[in-house]
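Make a model of the complete structure from these sequences and hints.
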Amino acid sequence: MAALTSGAPAAGSTDPAPAGPPAPPRVGADRARRAGRVALRVGAVLLRRALVLAALLAVVFAAVEILPGDAATASAERGDSAAAIAARREHLGLDRPLWERFTDWMTALPTGDLGTSARGEKVADLLRDPFPNTLALAGAAFALTIAASLALGCLAAARPGRRTDRVIGHTATTAFAIPDFVLATGLVLVLSLWTGWLPAVTVADASGKPAEWTMMIMPVLALAVPQTGWNTRIVRGALADQAGAPHVEAARLDGLSTTRVLLRHALPGALPVIATGIATSTGMLLGGAVVVETLFNYPGIGTVLAGAVAGRDTTLIAGSVALAGAAITLVLLAADLVRAKTAGAGR
Amino acid sequence: MYVNRRQLLIAGGGIGAATLVGCSSQGGDAPAPQTTGGAPKKGGTLRVGALGRAGAITRDPHGTQSNESDYLVLSLVFDTLTVPAGKPNTAPRLAASWESAPDLKTWRFKIAPGALFHDGSPVTAADVVWSLRRLRNTKSGASRLPGIQADNITADGDATVVLVSDYPNAELPLLTRLSSFVLKKDTPDGALDKAPGTGPFKLDWYRNGNARLVRNEKWYGGEVLLDAVEITMFETAQAMSNAILAGQIDLASNVGPVAARIAETRKDLRVVRRPNDMAMPIVMRAKDGPFADPRVREALRLVVDRDAMVKQVLSGYGTVANDIMGTGDPHYARDIPQRTRNLARAGQLLAEANFDLGRTYDLITTEDIAGLAESATLFANHAREAGIRINVVKQESGKFWDETWQKGTLYTTYWGTNDSVLFLGSKLMVGDAGQNEAQFADPAFDDAYRRAVGAADEAGRAAALVDVQKIQHERSGYLLWGMADGIDVATAKVQGLPTLAGYGRVQLQSTWLR
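For the protein sequence lines, the chains are A and B, in the order given.
For the first sequence, the residue numbers in UniProt numbering are 1 to 347.
For the second sequence, the residue numbers in UniProt numbering are 1 to 514.
These are computed hints drawn from the structure, not numbers from a lab.
Glycine residues also receive a C-beta, built at the ideal position from the N, C-alpha and C atoms.
Incorrect hints may have been included.
As the list claims (entries may be wrong) - What the simulated footprint calls covered on chain A by chain B, stretch by stretch (three residues with Cβ under 8 angstroms from a Cβ of chain B suffice, anywhere in the stretch; the number is not a length):
| # | region |
| --- | --- |
| 1 | 67-75 |
| 2 | 114-123 |
| 3 | 155-169 |
| 4 | 203-212 |
| 5 | 226-235 |
| 6 | 289-299 |
Next comes the structure, spelled out in structure tokens:
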């Protein structure tokens, strides 16, 4: 667990914005060269992200090693002699040096081979159902975060310094400050145990998915509320910065409506900052999934990961982190593209 | 932290009890089911929650089962030769009856007439032999069928299986109680997930630890009332507790005291307490060191406030014990006077033994199961009131089993099979016991144990069993202050739930819905 929560922000940190090249729209050759340059830059960013991910996975391997006990003792039967545990250790390959196990695992990774768990199951099989479930959960929470923080941030920015602005500001700060498990427990108490409105936990059906869609509401809320708090503040701040920009000032002096000025003139300039902020939330969403999924019994990789840490199942932990890390990397890449595009357009 | 040793222990080798030589099917006293709701009714789907981890899932009936959810599925789909029961503690299942030769080495099990696999084919001795050999040849086979070589499991005709033990073993039928699942002969490893069983329910689907089972209309063991059982795996007891409180499941299996306390306040929920589920004794090394003098060990047993332990460590969900392991045994000696707290007597014994009150003694414990570390801390407080300084040391589980277990001078342990005085005696207390936790060696105990195991008549056996327990009560290396209940929570409509300790709780074949 420590691996993901401490690791995810590391992967979530974004690079400084690469300065968009000036775009002189002249001839076809130029355009082709420009496309080539963009592809090259995307490739470089991808490579850098892949290296960060590889470093993160190395940290995961090392972190599990530092924890007391290993997969052999964690899955031993009572009465197993020291010799039996040693044999099991050998069978699991735990007697080999850490770097060797890590290198073996890493070199197989590009072929899609996530290795074998401490219980002899293919890690890819163990994550086949949970990973899409987590993507669905985190994706829904992500969409809700974007929609809610844009709406709330704009609402606050439309009435700077007034009561709406202040209430939204304070609520957003509070929402971000609430720990996941407190929020999740509170949601279960209020929305399920007291009122009976929603199911308290997720029960999966024969397809491996939640049996009813209503089971997703509370986990999504538990993930989205803190991140909405964080991003609302970012949206509000970015719009405040834009309010002083000459073209926004000019639009307002032209007598355009507040809404129009906000959406048409201030928001586009604020988008690069907002995209970066929201993208950073992916790491927090996937990291928070460990806690939230366990509390709601949601069948995702967070639940798998929590159990895998208890079982000191290094390959299963690393496999979960690799998938989550890959998802985060893709979102960060998308954010980079949005930023490059909008920053370029702004000029 | 969710640790699986307890489940492994019970599902694996830790199975046993005392039975009679040549016991047969009439001894089958089914697990006393609860009856409050009138005549049993057919129909309905029971939704059960059970603990398990996604990474520890196993579909192999002879594999290492650490998920309660998987074990529940397996034991409803497959049958074992015998099952745990109340009195006597072993009842027939796929084996309708059994008998031994006078030497207690050769045992003959007769397969229940009419037993069919779910695909309709009859169960033959060849299937049973193949299954038991497969079990014996697994990594932990030696502890699951101790003393029985794979070659010594043979068929005699179509309906009889013969097991020959390396040594006389009156408890052999008990060893087959929980792990001897029977599959069809030559089931390939790759087809285990769809292999037909013989049990009261057939597998409808299984996915990632969750499953749906439907009634086996042709079960030889009697009429099954439930239409279906749906099993949901829970990573934590907390989530399972929320599920039963919100009405998403009908039975929360082994959910623990926290959920029980909430459920007590609700009319629509019922707490099922299964006594003698878990022993959490303190082990005092008898061979050498500060606790080698039996007077010192007795003094520690007089120091503990048993009522306070049950109340605080177990939240009241348990019973006071009397330093005898095997409290669920039908032959448990209730007439040995209950030991109670007596600080004056304890002080006197310590003085007589010249026990050094000047130093501090480490009591090593783990957080493997709920309440274990708390029991150590509370006991240290009780000891302090008697002038004994005890320092509680919490060890990480792996380190504990490597370095402290069977070697330490003062530590906590736990046992999940508690319905046989003899089984625990053979495993833990006879001089050459494989898991002699306290390094206890007492010729009088060994003698009493051998008399009990080898007794030809019931009276001689009962007398020897009393001796075994008296010696334990007096001077063994165990301080057994109490027994934790197993706790399930069910909705009011669920009837006929098993009340047996340990894995007796998975026997849902006679459960029904009001």
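Right, here's what the structure says about each hint:
no., hint, result
1, 67-75, "holds (count 6)"
2, 114-123, "holds (count 4)"
3, 155-169, "violated (count 0)"
4, 203-212, "holds (count 6)"
5, 226-235, "violated (count 0)"
6, 289-299, "holds (count 5)"
Checked against the numbered hints above, the structure violates hints 3 and 5; every other hint is satisfied.
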